[in-house]
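In order, the protein sequence lines correspond to chains A and B.
Each residue of the first sequence is one higher than the one before, counting from 1051 in my numbering.
Each residue of the second sequence is one higher than the one before, counting from 58 in my numbering.
Chain A stretches covered by chain B per the calculated footprint, using a threshold of three residues with CB under 8 angstroms from any CB of chain B:
hint, stretch
1, 1091 to 1099
2, 1148 to 1155
Computed spacing ranges between beta-carbons, pair by pair:
hint, chain 1, residue 1, chain 2, residue 2, range
3, A, 1128, B, 142, 40 to 46 angstroms
4, B, 71, A, 1119, 49 to 55 angstroms
5, A, 1095, B, 96, 17 to 23 angstroms
6, B, 62, A, 1111, 25 to 31 angstroms
7, A, 1128, B, 153, 29 to 35 angstroms
8, A, 1076, B, 171, 26 to 32 angstroms
9, A, 1108, B, 153, 21 to 27 angstroms
10, B, 110, A, 1160, 39 to 45 angstroms
11, B, 133, A, 1089, 23 to 29 angstroms
12, A, 1080, B, 110, 22 to 28 angstroms
13, B, 175, A, 1118, 46 to 52 angstroms
14, B, 77, A, 1095, 25 to 31 angstroms
15, A, 1128, B, 131, 38 to 44 angstroms
In short, the hints are calculated from the structure, not lab data.
For every residue, glycine included, the Cβ atom is placed at its ideal position computed from N, Cα and C.
Here's the letter readout for the chains.
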Amino acid sequence: GNSVTQMEGPVTLSEEAFLTINCTYTATGYPSLFWYVQYPGEGLQLLLKATKADDKGSNKGFEATYRKETTSFHLEKGSVQVSDSAVYFCALSDQRGYNKLIFGAGTRLAVHP
Amino acid sequence: GAGVSQSPSNKVTEKGKDVELRCDPISGHTALYWYRQSLGQGLEFLIYFQGNSAPDKSGLPSDRFSAERTGGSVSTLTIQRTQQEDSAVYLCASSLGLAGGRGRDTQYFGPGTRLTVL
Chain A
1051 GNSVTQMEGP VTLSEEAFLT INCTYTATGY PSLFWYVQYP GEGLQLLLKA TKADDKGSNK
1111 GFEATYRKET TSFHLEKGSV QVSDSAVYFC ALSDQRGYNK LIFGAGTRLA VHP
Chain B
58 GAGVSQSPSN KVTEKGKDVE LRCDPISGHT ALYWYRQSLG QGLEFLIYFQ GNSAPDKSGL
118 PSDRFSAERT GGSVSTLTIQ RTQQEDSAVY LCASSLGLAG GRGRDTQYFG PGTRLTVL
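From just these sequences and the hints, can you work out the full model?
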């Protein structure tokens, strides 16, 4: 079945450091891929998405490229801020399952000044 | 505009009691999803509604769980005879329900209901 695997956290970085959170997926067909973010005490928010191979999603300085050949969708940011501290979830949309989202386990990011 | 709202925000109940969780989707969104977020299982899909019908109930963990949606809007998730393993945050999401989806049909999440079963 479809699944998403993302790197375990927590990831601890200093402000202005480079961030990579790895995400790989297993899916039949051509799923859409998403990164959602959950800030402390808040609900899930869509951070970025990509709907087909080689698409790059970007938002708030974060980027991720849909790589079909490596079945990956790694999240990157060139310079993190304390306000980026949150839990990040990689997800795919199961097209054969009414677009329900299948999530990775989540990666907690802590950014220190 | 208003986002997805859920009530109550927190619910503490005793084992064996029934609970009802409510979701108000974004106005005009025909698709509605329930998910569960727990420490052991992460984020899991429970059920999907298109309008008032539920073509996918595959994520409901047992027959103690049921959900309905009325008027193509508000949805209620009911858990009967709650067990301690039901403790989790229950999330509702809604989307426009665009045909074909493919990521154009973004799901917007509510703040969740934290359920604690003592």
